[in-house]
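Engineer: In terms of the working numbering, the sequence shown opens at residue 1 and continues consecutively.
Calculated directly from the structure, the hints in this document are not laboratory data. Even glycine gets a Cβ: it sits at the ideal position worked out from N, Cα and C. Take the hints with a grain of salt, since some may be wrong.
[Said to hold, decoys possible] Quick list of simulated restraints, FRET-style, between CB atoms:
#1 D174 - R289: 42 to 52 Å
#2 E82 - D316: 54 to 64 Å
#3 Q180 - R70: 17 to 27 Å
#4 D316 - W128: 49 to 59 Å
#5 V126 - R147: 27 to 37 Å
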Amino acid sequence: MGSAAAQGSGAPNLDDARLVAAGFVELEAVRVLAFGSVARGDASVGSDIDLVAVFDDLGDYRCRPDIQRRLLRRAGELSECEVDVWVTDRAEWARRTTVVSSSLEAAIADEAVVVAERGGHAEAVVDWQKPIGMPPDNRSEALRRLRDAVNALGEVENCLVDSAREKRAAAAGDDRRRSQARYERMAGICSHSHKTIESALKTVVCLGGGRSERACSLAELASNIPDRYQDVARPAMKPPNSAAPEQISLWSRAGPGMEQRPQFALDQIEATAAEAARIACDTAQALARHFHTAHDSRTLAADIADTARHIRHRLDESHIAPSAALDRPGDICSDQ
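Work out the full structure: start from the sequences and follow the hints.
Structural biologist: Structure, rendered in structure tokens:
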């Protein structure tokens, strides 16, 4: 099979991945693995080529972004396909795939396919005992996900305030532009609420030492949560929110500027945003209760409680009100 780019088919395949990976080896990667749709063989037109570039020893992990940019420039020279690459080294990859069962690396290791490997060189010296750049155990991985939830909930709060665009349009008496700007802000609430809930569910998967799948479907994530953490999934999964996980998951990659996202009338998206924000608050607060007494997470848990309180206060004061919007999707266009 030849390169999809060369054939003009648009759907990348392993030959495209090998072409790019060979370029990464020229830039001193010791091994390159493909994962995702290209590795599984079910890539479609527009799919990214997902790669992991493993180096011998990165030393200072602060160099990771620079190396990633250099690899992506090389990928652009070699292929017309979109490429996403994660940069790591042998020590970090080994620990994250064997010890940190909840890591992304562990989740993709089973499906990863080696598409390029350095040969003909002496074995490099690797410091296997060094602190790695990513969380070294499941508890640390859970704390990273907890911070993601805190940050996403903070973005929900930020989106509850009229944007500068809305204020300018209102001052100019331009109702069309004001409604458009308000719609974008509501879309932001939905997107950040999804991120909050997703991060919370992934946090408790990590706490339980489970496999943290890359899927953004809330229902799928909830199915992997240990029984003792089911209270975190309950706000999104319980009646009358039975349709909520599916509907909120539509916003996993949606937000201002995204072409493919659910399409609502303004009153529908306002109701959806309010309900999503409340579910995000309930989910985050349930998550915080599992951390509020631990010395390494008390501050983060307190941040969640404070932010959720302010969000609820703003929702109560605003004209955004929940309704049955989550149970009647209207003309939703899924980006899944």
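Engineer: Against this structure, judge whether each hint is valid.
Structural biologist: Cross-check of the supplied hints:
no. : hint                    : in the structure
1   : D174 - R289: 42 to 52 Å : 45 Å, holds
2   : E82 - D316: 54 to 64 Å  : 43 Å, violated
3   : Q180 - R70: 17 to 27 Å  : 39 Å, violated
4   : D316 - W128: 49 to 59 Å : 54 Å, holds
5   : V126 - R147: 27 to 37 Å : 29 Å, holds
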